[in-house]
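**Q** If you're matching them up, the sequences are chains L and U in order. At position 238 of the first sequence the residue is numbered 238 (this note's numbering), and the sequence of numbers has no breaks. Numbers in this note's numbering are just positions in the second sequence, counted from 1, shifted up by 708.
It should be emphasised that the hints constitute simulated quantities derived from the structure, not laboratory data. Please note that the accuracy of each hint is not assured.
Taking lysine-lysine and the DSS-like style, the derived pairs with C-alpha atoms no more than 30 angstroms apart in a straight line are [said to hold, decoys possible]:
id: 1; chain 1: L; residue 1: K242; chain 2: U; residue 2: K987
id: 2; chain 1: U; residue 1: K746; chain 2: L; residue 2: K288
id: 3; chain 1: U; residue 1: K746; chain 2: L; residue 2: K292
id: 4; chain 1: U; residue 1: K746; chain 2: U; residue 2: K812
id: 5; chain 1: L; residue 1: K288; chain 2: U; residue 2: K987
id: 6; chain 1: U; residue 1: K987; chain 2: L; residue 2: K292
id: 7; chain 1: L; residue 1: K242; chain 2: U; residue 2: K746
Simulated coverage check for chain U against chain L, where a stretch passes if three residues somewhere in it have a Cβ under 8 angstroms from a Cβ of chain L [unchecked claim]:
id: 8; segment: 731-740
id: 9; segment: 875-882
id: 10; segment: 887-901
Computed far set for chain U versus chain L, every beta-carbon distance over 12 angstroms [said to hold, decoys possible]:
id: 11; residue: E751
id: 12; residue: R766
id: 13; residue: F850
id: 14; residue: M919
id: 15; residue: A933
id: 16; residue: W939
id: 17; residue: R1003
id: 18; residue: R1031
Beta carbons: idealized from backbone N, C-alpha and C, even for Gly.
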Amino acid sequence: MADSELERPFDVIVLGTGLVESIVAAAAARAGKRVLHLDPNNYYGGAAGGSFTLDELGQVLTPEWPASKTSSSTAAPSASPAAGSSTTDDKPTTALTEAACVQTPAENADSASSILREPASSQPLELERRPLPAAADRFYPIGNAVVEQPLASAADIWAPLARQSRRFTLDVSPRGLFSRSRIVELLISSNVGRYLEFKPVDQMCFARSEPAGEAPQPVPCSRADVFSSSAFGMLDKRVLMKLLSFCVALGPYLQQPTDASQVDPDVLAEFTRFKDTSLVQWLRAERKLSPKLLYIVLYAIAAVDESSTGEPLSSRAALTVEQGVDRLCQYLSSLGRYSRTPMLWSQYGVAELSQAFCRLCAVFAGTYILRADLASMLVSSSASPSTPADTCATESVSSPTFAGFVDTEGHHMLAPWLVASPEHVLPASAVARDHPEAIVTLRAILVTNRSVFPAVGLKDQAAGDASNAATEPGAEESSADSATPAPAPPVNPDARISFVCIPPDTYGNRHLVHMVELGANAGAAPAGAMVVHLTCQAFASQLTNPRAAFGGIVAHYFDHNAPSSVRPVVLWSAYFDVLTNAPAVAAQTDTPANVILCAPMASDSSIQNVAEEARAIFDRIFPGEPFLPAAPNPEDITWDAPSEATSDSTALDSTLDAASDAAPASSSTDPTAAVLASDTIPPPSVAFGEVAASSSDAVSPTSLPEPN
Amino acid sequence: MHGRSRVKSAAEVEEAKQKERSKKLALFQQLNARVFAKYQAKEYDDEAFALTRELLSRSPEIYTLWNYRRCIMLKRFLQTDCNVQDECKAELTFLEGCIATNPKCYWLWNHRRWLLEQAPKPDWKNELDLTSQFLNRDSRNFHCWDYRRHVARCASVSLKSEFEFTTAKIEQNFSNYSAWHYRSKLLPMIFADQADSSTILESQLHKEFDMVQSACFTEPEDQSAWFYYRWLLGKGKNVALADTTSSKTTHQLSPGTREVLESELGAFRELLELEPDSKWAILTSLLLMHAIDMRAHREEILTSLDRLRAVDPCRRRYYNDLRTRLLAELDAAAQ
């Protein structure tokens, strides 16, 4: 069954299991399309979006192919020196163009410049084989990695923890989900959420440099928080509440800009008047926020990476009122949906999200090949009357068209569309890390022995107060009487999941830094250890040393010395950066029109745009199809037609195009497809129909092996 | 696609619901008839006890049956082999379930109160915890607050800890008349001025002002805080603000109090700059001006009254009345 399944052309091939790619795969399969989902890695999420054990992370950060790491950071300027200099228009050449230029046919697919004409003479189409860049030459998003082992004084504590490598879940890109965001709505509406477990983030905090030695303060954002906060004065309370109600009033309009009837006209008038102006200016001049309040709103709630004077730090333009209000609304509307805080944390790592969508895809008969060993891409360069041009008429007809892949054993997999992660198709030379617009996410992962938050005082609990004192240890004396108890039950700080926003210039950090401290609730580390993630964004050309970028913060909160010290001790640490947005990737002019490269990871500490991105890609490929409607419950599925083999062939025919016409040729020339299916890949998920047919629980096994 | 979704039609769902409902109704009516027949026949037996329980757990609002049930229980208590404590305990557990589903039913709380009077060894501590639990679910259930005050009295809980409890509840959500009310009852008991028991220690009064002002600034529309504020003003030394009907306003403010009132007035003026239409802010600053120095603020008081009539036309007659009264006071003072 599997052989014939592989030989028949697919509607779409998805390469890479990043979150966007996985959502697209799930949506396509859900819409009844034939989906082939490939990933050369043996884990979900791609290198930048994966969740790893301690040992695995070491391998991902410094992969076995050291060449790729060095080349990703240094090869670009040498390959195209012009791109390294100030000229921005120069586009680095890609392997695809290189391959197209070099016309020396070679029999061996390993050779980087071989083009093979498809041997099937009966085919009207000419398919070129463009070799994919070898692993060592491929673009790799992670660079500048340094892993630091503990000092001798902490080695005793570290040794037993290091032996529990598999108890760690370390995210390369740790990200929380706003409770009311598109991605959460999608998880609910598509029923993918039932494959996942989330924990509410226990506290949202912000840091400030004064008073010195203060623990991070809770971000006041609900009415009760504003009321009991001692962080600012009476007038500030009113100003903040007014701003918050302004945003709340505007919420429905931002969701549905066509319908202004639900919004107070005064609110709308102010918004339309200022929406394109600078957020900082508006907050200061129009909304009369005091510096103290501005600090909280700007950094802790809107997470704006700008200096207090409004100078943007990791983008070219300052945030507008429209963008800022959107962020505030996002934050506020998420409060109270699942917990007091607006954020959810995916248990067992963010890669679980990718995996859940892959599972849905597999449930709807998507085919999976993990550790896919692809040799080359099949490209049809001849103009064809029936290219997938219906959907992308704007593309030039003479541009090459993606037709499929050939793996190292010569098996053909064909589809009219490819959705791919850049890291699997682009050579390192195609990505200019030092491009002036390139943005990297600087990262640090620390394993510490306890929380940066002080333990809850026992006497506070005895007094029957669920203690605010836990989060406000530096609060003034007077607050002890009027503002101690908070609604949250007392929690051991070492168990909590805490988000801490560290605004620019607080502890020598140039940029806004998100600190995520994962306690026992997150299940990210074995007992006795905590995981701390530090994240910030920067122009790659300006700041590339993560160790230095976080130096002040780490020195402020942590010690590297003996465990007897007052502050938590860093037991193990890793510093690296992830290339987040390189314009060269987007400007791939030579990429065939029917290849869609997914943007690399969004790097802020939340996942906001993936759902929209995936939807845009899906709509481009399958216009008019429903996007991820709710998957039915297994008990609500009735089984009446056993003839599933032919049921979807008509739908297929209509979407077939030139590339899939090549299917008969490939199947005739590749009698070994069966071997591929049984040999190199895990049992294909074609079996899903049967699993679901037995009407077992919703959780059907994906064919992808769990990374271990 | 291997299967398709099975969806019940709306009519099918409705029909199933209807069936369920009529079944329930029949059972209820049957029970009801039997219980009332026994009640009329004055039968206080075990069957009646079981049947009332059955019926009341479905509908606790039938207070006649709670009375009936209490009669049955009293009869049972008289039996020689009856362990009253256990009996009460069982009934309390039963009630707990009822209250959980109907937390605002008068008869349930009433029955609970009666039970604890009957019990030889009432566990007040447990009752107090129970009210805390119910108030966590709904912090504004006045039945529960009422019961808590009763329990706190019987359990002789320290006033201070109850005071802190109200603080906690107000911090969760300050739109809570019950919590502010309880606070206003506790405050004079804990912080009464030694010299004059009708007023409150100034140090504590200032703290209270801070707290309630915080609420007023956070949400000027919320009147529960303003009510408490007004009550507080009446509790200060020599400030007869709470009762504006009295024409005998004393004007010998102590310098300390005057200072406090001036600063409060200043704060509300700032608030009014941000919220010029806040009725409560206007009214309260008017009362403050009245207390500090009525004659000096004459014009401002009168414009405030006009403003109030404009922003709160529903109560314009009240403001008219207030105006007449204040004018009379002013005239009297001028003579």
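**Q** Run through the hints listed earlier and report the numbers of any the structure violates, in increasing order.
**A** Checked against the structure, the hints that fail are numbers 2, 3, 7, 8, 10, 14, 15, while the rest are satisfied.
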